[in-house]
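Number of protein chains: 2
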Amino acid sequence: MELTMLGTAAGRPAEGRNVTAAALTMPPQRGTFWLFDCGEGTQHQLLRAGMKLCKLERIFVTHLHGDHVFGLPGLLGSRSSMGCDAPLTLHGPRGIRHWLETTFSITGAHVHYELEIREIDGDGGVVHEDDQFTVKAAPLNHRIACYGYRIEERPRPGRLDAAKLAELGVPQGPLYAQLKRGEDATLQDGRVIRAADVVGPPIPGRVIAILGDTTPCDAAIRLAEGADLVVHEATFEAALAGKAAEYGHSTTAEAARTARDARAARLLLTHFSGRYRDEDLPRLEAEAREVFPSSAAARDFLNVQLPHKRRT
Amino acid sequence: MELTMLGTAAGRPAEGRNVTAAALTMPPQRGTFWLFDCGEGTQHQLLRAGMKLCKLERIFVTHLHGDHVFGLPGLLGSRSSMGCDAPLTLHGPRGIRHWLETTFSITGAHVHYELEIREIDGDGGVVHEDDQFTVKAAPLNHRIACYGYRIEERPRPGRLDAAKLAELGVPQGPLYAQLKRGEDATLQDGRVIRAADVVGPPIPGRVIAILGDTTPCDAAIRLAEGADLVVHEATFEAALAGKAAEYGHSTTAEAARTARDARAARLLLTHFSGRYRDEDLPRLEAEAREVFPSSAAARDFLNVQLPHKRRT
Chain A
1 MELTMLGTAA GRPAEGRNVT AAALTMPPQR GTFWLFDCGE GTQHQLLRAG
51 MKLCKLERIF VTHLHGDHVF GLPGLLGSRS SMGCDAPLTL HGPRGIRHWL
101 ETTFSITGAH VHYELEIREI DGDGGVVHED DQFTVKAAPL NHRIACYGYR
151 IEERPRPGRL DAAKLAELGV PQGPLYAQLK RGEDATLQDG RVIRAADVVG
201 PPIPGRVIAI LGDTTPCDAA IRLAEGADLV VHEATFEAAL AGKAAEYGHS
251 TTAEAARTAR DARAARLLLT HFSGRYRDED LPRLEAEARE VFPSSAAARD
301 FLNVQLPHKR RT
Chain B
1 MELTMLGTAA GRPAEGRNVT AAALTMPPQR GTFWLFDCGE GTQHQLLRAG
51 MKLCKLERIF VTHLHGDHVF GLPGLLGSRS SMGCDAPLTL HGPRGIRHWL
101 ETTFSITGAH VHYELEIREI DGDGGVVHED DQFTVKAAPL NHRIACYGYR
151 IEERPRPGRL DAAKLAELGV PQGPLYAQLK RGEDATLQDG RVIRAADVVG
201 PPIPGRVIAI LGDTTPCDAA IRLAEGADLV VHEATFEAAL AGKAAEYGHS
251 TTAEAARTAR DARAARLLLT HFSGRYRDED LPRLEAEARE VFPSSAAARD
301 FLNVQLPHKR RT
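From first to last, the protein sequence lines are chains A and B.
With UniProt numbering applied, the first sequence corresponds to residues 1 to 312, in that order.
With UniProt numbering applied, the second sequence corresponds to residues 1 to 312, in that order.
Treat the hints with care, since some could be wrong.
When chains are identical, the list treats them as one kind, so a pair holds in a single copy or across two.
[Said to hold, decoys possible] Subject to a maximum C-alpha distance of 35 angstroms in a straight line, what follows is the list of computed DSBU-like cross-link-like pairs (lysine-lysine): (1) Lys243 <-> Lys55; (2) Lys52 <-> Lys243; (3) Lys136 <-> Lys55; (4) Lys164 <-> Lys52; (5) Lys180 <-> Lys243.
The set of hints was computed from the structure by calculation and includes no laboratory data.
Whenever a hint applies, use it, and build me the whole structure from the sequences.
Listed below in structure tokens is the structure:
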């Protein structure tokens, strides 16, 4: 899995930085990706990144401010006009359906694939679950309803202890798979092999928290709890905490405190105000690192690898 | 004046080509520009072209298909958030107001400058008039209501015949201006100088026709009549006339016939289907030139100069 930052600017595009979007490439066997937010020009960024719209499986929208959603109608339409027919599910705050339906109706747009729009309301909760992932949403604290997302990969079965299995005389084959699934196995000679004796502890799944625009809040910490990666807005530098609060945003230091308090592994800062140029990013990054050393400032097209966890 | 092509692709963005928009830089004394259509990413293209949103005076939308309007909400919002306070007028087909108002309301967007939305309906007609320009709209023939625009510059006063004025003993100064305005002047010695005797014929204004998506039709020819430049869609190559008709579009050859029948001076082809790459454009251009030699295929960021006419 990897996360590709498609837009790292707040409010409006700047030179070399587009408005918010991030693509999460799913594990290879799925061959798909998920999109988090979709500012204007996101389909252009995907084109540049060489990511195919047909592989887009799911979109999660944090909130309905234009710099997070104005790329949706075009992206949804292009995905259809290029002939993709795989279904697509869109998760987003209440209101997103009415806006898209109005937009499609007035502009004569229609999509030929199955588009499911699932609106999120109130306290959020589990918004998606499949055999590999659970996605939880929780309301943050912004000027309008805004949700953060926590993507939890299910734990994988522990490793088989090959030496022990050989010692016990368990023949390779279906019994190995049965034991790995956690089921005890009976050998031909009648002996029962307990899975717990030959399978290591489960390997925890990866956890990624992708938060929307917000002031520092408990919900952000809970979503980021123990995460391998937290993507957090840092619209302003540490000295502008007053301005950040006024506009419902966070500073670099505030984002870092959330990651620290959540005992997360890594923090990726994004959503920088237009007042900051590329040359300012090292300074913003340094502000966060003073609080939480594993902080980095995102650039457009940055890829963040999300390797499997080692056994604990 | 010059026209800057900001997007020359039909339907969805392609590598190196964005969806439709064109900026018409007004005469220098105005210091502004007008925008024709506003596909997604138009504000990004303006940023790249170094054109300031604050200088945008007027937008004309041909029709409400997404590839011509999905850039509007973001562009209108950015123009406000960067602090521009000059008024802006938007002309477009009926429905554009409802869409923008719904979009602004659901996304919490608002603009701080005076935004006037003037909907065009039925047969169009004169949609704008000022001391330099008249803009006429007329319905074309597309799948939904679509208008073409004809921008007519007013004629400028003819040149003063300096030699004749000297011979007649007319003193330089206010009398010159009076005569140039076409008003007769009385000298101190009582002689009356007739403007018609010392001012050349008026210099005709420039005419630009920027047409929306359409099959070949009489309205397109009328809008383009005698124009210095016609911007016409050519979604398909000449051999695909059937497909063009089916989707309400034109071929290269059809666009060229319209320019020829309108006795226009120059034709600029745009709105190319995604099936064509940059290397196909010379072939498309050649198809049009067989019918109308002064044809050219547009590329993104192409600037077309529109010099003043010489005296006729």
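Item to check | Up to 35 angstroms CA-CA - Lys243 versus Lys52, copy category | outcome: between (39 angstroms within a copy, 26 angstroms between copies)
Item to check | Same-copy or cross-copy closeness of Lys164 to Lys52 [CA-CA at most 35 angstroms] | outcome: neither (45 angstroms within a copy, 72 angstroms between copies)
Next on the checklist: Checking an output row: Lys243 and Lys55, CA cutoff 35 angstroms. Within, between, both or neither?
Outcome noted: Between copies, since 29 angstroms is at most 35 angstroms while 39 angstroms is not.
Checklist entry - With identical chains treated as interchangeable, where does the CA-CA distance between Lys136 and Lys55 reach 35 angstroms or less: within a copy, between copies, both, or neither? => result within (22 angstroms within a copy, 45 angstroms between copies)
Checklist entry - Taking 35 angstroms as the upper bound on the Cα-Cα distance, should Lys180 and Lys243 be classified as within, between, both, or neither? => result Classified as neither; 54 angstroms inside a copy, 58 angstroms across copies.
The structure does not agree with the numbered hints 4 and 5 stated previously, though it agrees with the rest.
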